[in-house]
Amino acid sequence: MIVVGQGCELNEFLLSRLKEMGIDSVVVVSTEIVRQVPGQLIWNDRAARLDHLFRKHSGDAWMEEIKSHLKNYFLLRSSIGETRPSEGAETADKGV
Amino acid sequence: MAHSDLRLHKGRILAIRDLPTLPSVLDEVVTLVEDPTTSTEQIAKIISYDQVLSAKVLKMVNSPIYGFPGRIGSIHHALVLLGFNVIRGIVISTSVLEIMAHSMTRLWAHSVGCALAAGCIARRVGLKDPDEYSVAGLLHDLGKLVIALQLPDLQAAIDEKIAQNDTYPLLAEKAVLGFGHDRVNAWLANHWNLPPSLEEGLSHHHKPHLARTFPKFASVVHLADFIVHVMDGKPEGKDLVPYLEPKALEILGLTSQDLGLIIEDFSAKHSLVPSFSL
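Same order as they appear, the protein sequences are chains A and B. Quick note on numbering: the first sequence equals residues 1 to 96 in my numbering. Quick note on numbering: the second sequence equals residues 97 to 374 in my numbering.
If you're looking for bench data, these hints aren't it; they were derived computationally from the structure. Only a predicted model underlies this, so the values are computations on that prediction, with no experimental measurement involved. Warning: the hint list may mix true and false statements.
[Unchecked claim] Distance ranges between label pairs, derived from CB positions:
#1 B:E360 to A:M21: 37 to 45 angstroms
#2 A:V28 to B:V148: 39 to 47 angstroms
#3 A:S68 to B:G349: 19 to 27 angstroms
#4 B:K141 to A:A61: 52 to 60 angstroms
#5 B:A259 to A:S58: 15 to 23 angstroms
#6 B:D225 to A:L75: 33 to 41 angstroms
#7 A:V27 to B:L177: 43 to 51 angstroms
#8 A:S79 to B:V176: 38 to 46 angstroms
#9 B:T134 to A:S68: 50 to 58 angstroms
#10 A:D51 to B:E137: 54 to 62 angstroms
#11 B:A205 to A:K71: 20 to 28 angstroms
#12 B:N261 to A:D51: 16 to 24 angstroms
#13 B:A205 to A:S79: 24 to 32 angstroms
[Unchecked claim] A few chain A residues that don't get close to chain B, going by computed Cβ distances all over 12 angstroms:
#14 L18
#15 M21
#16 I23
#17 D24
#18 V26
#19 V28
#20 H69
Using N, Cα and C, we set each Cβ at its ideal position, and we do this for glycine too.
Turn these sequences into a full structure, and let the hints steer you where they fit.
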């Protein structure tokens, strides 16, 4: 039974929805694996969701300043992640 | 909101039968602590008589929250390292967190995160006894648990208001009940005779600028709560970050530039939390 259409990203939100539906295992049919640097993805995600989290504070100069600081920090952490090899890549190369 | 309704809700909140009960050993220990001739060994012995409680306390003190993973092997050792106030807070929180972990897992995860963040902030600021601030972080949303347990019908109305109005839990609680979980925290702290610092940390974590006696406690919990909301909020859900009171940073001698350093400390510890459970 196909529960998720082709092209959908299997993210945390989708997994939790599947769990709520009582589905306890899935088979992923794919010919493509996109390698992400985990740390970079997390920090990028955090920067991206700040607008949503701060939506009640738009127009408040102080909270806009705080949001700006946080965004800059998350993007900086994300860029640091780009220059360092990921742990996953290292262990993969070592055949772990 | 009629005054009679408010009194009725408060009465239901404080109905003792269903409230999390504190371990009876705690009363005995508090009496001992008030006697200056009591030794740490005597206190440890009393707590250790309750083996189930002792196991829970040791599990908690060896968690990432308190920074001594796997190194504390006895209640006496825990008392020496962390002090009585922290151990008392842990004894209280084990009773509460167990209920949360089973029925309100998201609240549990948020509370543990806040405990971590509060400890990081207290250390970064150089506050004495930083682990006491972790206890405050751990218990800061205790009122939400009690509202859910004692007023399940009204909790449903609160949840509906949050969803419909895209608003904060505290505002929804005040609209439905006439009071928020911070007020419930104050009632519980009084009911359990908690230390005044912990009481103010719990009751003023949304309004730290109004804390009179222990503004640093309230400000640490306030900032910790904010950081955890920033770090754990999901883009799809109804998560909102609370307003960050600028006075809280001022009280702690911090600026907005310091947030990154605190998040660094927090992230490092938070990565250890998934392996921790009650």
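Status of the hints after comparison with the structure:
Under the hint 37 to 45 angstroms, the C-beta atoms of E360 (chain B) and M21 (chain A), about 38 angstroms apart, fit the expected range. For V28 (chain A) and V148 (chain B), the Cβ-Cβ distance of about 43 angstroms falls inside the hinted range of 39 to 47 angstroms, so the restraint holds. Judged by the Cβ atoms, the range 19 to 27 angstroms given for S68 (chain A) and G349 (chain B) holds: they are separated by roughly 22 angstroms. Between K141 (chain B) and A61 (chain A) the C-beta distance comes to about 57 angstroms, which sits within the given range of 52 to 60 angstroms.
For the pair A259 (chain B) and S58 (chain A), the beta carbons lie near 21 angstroms from each other, so the given range of 15 to 23 angstroms is met. D225 (chain B) and L75 (chain A) have their C-beta atoms about 36 angstroms apart, which keeps the hinted 33 to 41 angstroms range intact. Under the hint 43 to 51 angstroms, the C-beta atoms of V27 (chain A) and L177 (chain B), about 50 angstroms apart, fit the expected range. Between S79 (chain A) and V176 (chain B) the beta carbon distance is about 44 angstroms. The supplied range of 38 to 46 angstroms therefore holds.
The hinted window of 50 to 58 angstroms between T134 (chain B) and S68 (chain A) holds, with their beta carbons roughly 53 angstroms apart. In this structure the supplied range 54 to 62 angstroms holds for D51 (chain A) paired with E137 (chain B), their Cβ-Cβ distance being about 56 angstroms. At about 24 angstroms, the CB distance of A205 (chain B) to K71 (chain A) agrees with the hint of 20 to 28 angstroms. Between N261 (chain B) and D51 (chain A) the C-beta distance comes to about 20 angstroms, which sits within the given range of 16 to 24 angstroms.
Distance hint for A205 (chain B) and S79 (chain A): a CB-CB separation of about 29 angstroms, consistent with the stated range 24 to 32 angstroms. A cut-off of 12 angstroms between C-beta atoms confirms that L18 (chain A) is not in contact with chain B; the least separation is 15 angstroms. Every C-beta of chain B lies more than 12 angstroms from that of M21 (chain A), the closest at about 17 angstroms, which supports listing it as non-interface. No beta-carbon of chain B is positioned within 12 angstroms of the beta-carbon of I23 (chain A); the least distance is around 19 angstroms.
Annotated as non-interface, D24 (chain A) keeps its C-beta farther than 12 angstroms from every C-beta of chain B; the closest such distance is 18 angstroms. Every beta carbon of chain B lies more than 12 angstroms from that of V26 (chain A), the smallest distance being close to 19 angstroms; the non-interface claim holds. With a least CB separation of 21 angstroms from chain B, V28 (chain A) remains clear of the 12 angstroms interface cut-off, as annotated. Residue placement check: H69 (chain A) does not keep its beta carbon more than 12 angstroms from all beta carbons of chain B (closest about 5 angstroms).
In summary, the one numbered hint that this structure violates is 20.
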